[in-house]
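Peer 1: Listed here are the chains, written in short residue letters.
Number of protein chains: 2
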Amino acid sequence: MATQKFFAKKGQITPQMEFVARKEGLEREALRQEVACGAMIIPANKNHLAQKLNPMAIGRLATVKVNANLGTSPTTSGAQDELDKLHLAERLGADTVMDLSTGGDVSKIREAMLAASHVPLGTVPIYEALIRVHAIEELTGDLLLKVIEEQARQGVDYMTIHAGVMLEHLPLVAQRITGIVSRGGGILAKWMVHHKKQNPLYERFDDVLEIARTYDVTLSLGDGLRPGCLADASDQAQFAELKTLGELTLKCWDRDVQVMIEGPGHVPMDQLKMNVEKQKSWCHGAPFYTLGPLVTDIAPGYDHISSAIGAAIVGWHGADLLCYVTSKEHLGLPEIEDVRQGIVAYKIAAHAADVARGRKGARDRDDALSHARAEFDWERQFALSLDPERARAMHDETLPQEVFKRAEFCSMCGPKFCPMHNFKSSLLKELEGVV
Amino acid sequence: MATQKFFAKKGQITPQMEFVARKEGLEREALRQEVACGAMIIPANKNHLAQKLNPMAIGRLATVKVNANLGTSPTTSGAQDELDKLHLAERLGADTVMDLSTGGDVSKIREAMLAASHVPLGTVPIYEALIRVHAIEELTGDLLLKVIEEQARQGVDYMTIHAGVMLEHLPLVAQRITGIVSRGGGILAKWMVHHKKQNPLYERFDDVLEIARTYDVTLSLGDGLRPGCLADASDQAQFAELKTLGELTLKCWDRDVQVMIEGPGHVPMDQLKMNVEKQKSWCHGAPFYTLGPLVTDIAPGYDHISSAIGAAIVGWHGADLLCYVTSKEHLGLPEIEDVRQGIVAYKIAAHAADVARGRKGARDRDDALSHARAEFDWERQFALSLDPERARAMHDETLPQEVFKRAEFCSMCGPKFCPMHNFKSSLLKELEGVV
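Top to bottom, those sequences are chains E and S.
Every letter in the first sequence is one number past the one before it in numbering that gives the first Met the number 0, and letter 145, counting from 1, is 144.
Every letter in the second sequence is one number past the one before it in numbering that gives the first Met the number 0, and letter 380, counting from 1, is 379.
Quick caveat, the hints were computed from the structure, so don't treat them as lab data.
Here the structure is a predicted model, which means the values were calculated and not measured.
Please note that a few of the clues may not be correct.
Identical chains blur together in the list; that is why a pair holds if it fits in one copy or across any two.
Cross-link-like lysine-lysine pairs, in silico, BS3-like; alpha carbons within 25 Å at most [as the list claims (entries may be wrong)]:
1. K9 / K242
2. K51 / K279
3. K272 / K359
4. K277 / K242
5. K428 / K195
6. K423 / K9
7. K423 / K45
8. K195 / K415
9. K22 / K242
10. K428 / K415
11. K195 / K423
12. K277 / K145
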């Protein structure tokens with residue numbers, strides 16, 4: 000029953016805390032205190048730790064992290080495709096992944112992904128529960144708990160639990176344009192309306208906590224009522240649920256269960272800071288895990304970009320884990336190229352947030368790459384890039400020959416126009432005495 | 000000698016002002032006042048107006064605009080490629096384009112682009128001047144003015160003139176990592192160091208103004224010392240030049256010449272608002288035309304994204320025209336697909352900025368698309384998208400059959416998991432009397 004939070008509260012530094020402190024460049028004791036108070040989490044299921052998992056941390060003292068959603072859908076993709084995406088995600092620096100599979104043998108797919116994954120893996124157990132019944136109405140609290148228990152035993156590091164969508168919140172979505180856009184939220188809302196009963200995940204939350212503390216599963220409290228468009232952002236429904244999530248956070252902490260809070264969605268830029276501040280305040284400093292947010296609704300096909308803008312801004316203002324949105328969002332299941340674009344877009348957002356927060360050393364890699372740029376050291380530029388393979392390929396598209404790897408120009412300007420070729424600071428010696 | 004600004008100051012509303020007021024949904028008189036005081040520009044060379052140009056406006060009361068840089072390089076691309084890019088740019092909603100050609104017969108290419116372009120076309124005349132000589136040192140003020148005059152006569156609507164890079168600013172770049180990264184800035188710096196003389200464009204600025212007012216060419220005062228990496232952002236060199244640009248702005252206005260100010264470049268997120276405020280204050284409210292800015296240096300191959308983040312934020316805080324950066328920046332000349340991705344990334348940034356500024360009606364298209372989404376009206380979703388062709392292609396990749404154009408799901412969730420399919424607000428009637 001001993002979670003990272005349990006040990007931290009006892010004053011004990013686990014090997015995972017030590018590992019993470021080294022990775023983040025933090026004092027072990029400072030990190031322990033953060034885990035103890037809940038401002039930092041180390042999602043690490045005991046049964047995944049026994050496999051390949053490398054622990055990592057999410058929270059205000061850590062660097063901003065990136066999550067990639069993977070998984071099959073009932074209409075598309077197979078187990079091997081998802082494993083390929085997982086390997087690519089790790090290579091590109093995704094800090095966590097979620098297996099959201101809803102098609103094929105989801106338990107087997109999850110087992111394979113857990114065995115392959117060095118990063119924490121999250122799930123949304125209600126998806127598997129729904130697969131096991133014919134219709135939403137047949138779901139029961141017992142079935143939900145059974146699935147949560149099985150997935151916990153398998154080694155899932157964190158689970159999205161939509162325990163904050165309550166029966167009394169539902170009338171608040173009546174005036175929305177896009178109603179409910181969270182899959183888990185939609186399922187539970189339909190169930191509640193049909194049975195005219197409270198959300199079973201809310202009712203049985205103590206049982207959920209019992210499972211979570213047994214395996215040290217981190218709970219990711221889902222935002223079943225997140226806004227699905229700008230018009231619905233920051234409305235009563237969203238904030239009513241957030242208030243409940245704040246209460247559930249305290250219940251988690253009471254049982255030494257690690258927890259983070261999921262956030263929107265679709266939010267105009269001028270409301271982003273307020274949204275982060277409200278989450279941090281109402282949820283007592285628990286880490287914030289946002290999906291984007293998208294800052295406009297009119298860019299289907301390019302929502303990795305519209306959402307990376309929102310992600311960068313919320314990361315700067317305090318969001319801790321940024322869940323990517325791919326270019327395929329709203330249109331279909333992402334293919335491997337969409338996953339690639341999505342992850343890099345979010346690595347940009349997270350890194351830009353670290354720089355803007357003024358985190359110590361955050362700009363070092365930027366500076367190193369800029370030095371390489373000024374020195375026309377193309378190989379080093381590629382190596383320091385977020386996606387070296389792609390950077391090299393783009394350069395080589397027009398100038399593939401080896402000699403151009405030492406050239407003082409690229410095909411954008413050519414030598415006669417390249418400013419860094421034309422003007423070097425060493426020339427300034429000639430100006431001594433003149434200016 | 001009568002420019003839009005001249006007429007506006009006289010109290011006269013030109014047909015171009017009328018056209019633009021209708022497009023922007025502004026009162027004609029309010030718009031005239033903005034043009035008169037210089038806070039709004041209508042880049043419209045008389046000789047381009049005589050062709051296909053549709054006037055448009057850049058400034059604080061207008062929607063945020065997007066520019067696409069096109070043009071050949073000495074190593075890559077031909078005239079037809081650039082015309083294809085121009086047509087695509089217009090179709091995707093680029094508000095202005097620049098022809099930065101430095102390869103091939105640049106005068107002929109420009110003529111063809113001007114003839115084809117419905118949007119204002121800008122250039123950087125020093126590029127053509129350099130093409131006409133063997134080496135930078137051979138450039139003269141007379142040659143620069145000759146080229147400016149020829150391009151103005153051809154119909155170029157706005158020109159980047161790097162008149163603000165001064166001899167005495169150059170020592171300020173000595174400590175930079177990437178020194179000078181503006182092509183025009185690099186050329187002029189090398190010239191100044193060699194001749195130990197002041198920038199000829201600064202010295203002959205009155206002659207430049209004479210040409211500009213003859214054809215109503217808008218001047219885009221170039222930032223030859225813009226930072227080329229995060230470490231160099233907001234430094235003395237950048238702001239020394241900005242101060243000079245503020246002085247030159249007043250000289251433009253004195254001669255009724257329309258003017259906007261170019262800005263960085265590479266800037267961390269937390270310095271963006273300050274950069275806009277400084278430009279607006281030091282340059283007396285003249286429109287601000289930024290390149291990005293990129294919010295991190297480590298994303299070559301994805302700089303349309305790293306820069307769209309910066310562009311959205313500066314647009315929100317008051318930048319008026321956002322010059323796109325493509326994914327190929329720093330690596331090579333963009334191909335047509337890079338142009339496409341770049342323009343859409345910047346349409347997202349500009350639109351998100353309009354929404355965040357709270358501009359009247361800015362969110363209408365978002366709301367309309369969101370309604371279409373909630374109604375599973377796929378055709379309407381595509382039609383309202385920034386890139387309908389691409390949105391449709393992505394949807395159809397997995398579900399091409401016509402029947403799926405009315406389906407209540409896509410391949411991401413499938414019908415059983417689609418939240419908008421599962422839960423409709425109409426269901427809430429069943430809850431009457433329960434909550």
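Peer 1: Does each hint fit the structure? Answer for all of them.
Peer 2: Results of checking the hints against the structure:
| no. | hint | verdict |
| --- | --- | --- |
| 1 | K9 / K242 | neither (29 Å within a copy, 58 Å between copies) |
| 2 | K51 / K279 | neither (32 Å within a copy, 54 Å between copies) |
| 3 | K272 / K359 | both (22 Å within a copy, 22 Å between copies) |
| 4 | K277 / K242 | within (9 Å within a copy, 40 Å between copies) |
| 5 | K428 / K195 | between (81 Å within a copy, 12 Å between copies) |
| 6 | K423 / K9 | neither (58 Å within a copy, 48 Å between copies) |
| 7 | K423 / K45 | neither (56 Å within a copy, 40 Å between copies) |
| 8 | K195 / K415 | between (74 Å within a copy, 21 Å between copies) |
| 9 | K22 / K242 | neither (33 Å within a copy, 44 Å between copies) |
| 10 | K428 / K415 | within (22 Å within a copy, 71 Å between copies) |
| 11 | K195 / K423 | between (73 Å within a copy, 16 Å between copies) |
| 12 | K277 / K145 | neither (34 Å within a copy, 60 Å between copies) |
When held up to the earlier numbered hints, the structure conflicts with 1, 2, 6, 7, 9, 12 and fits the remainder.
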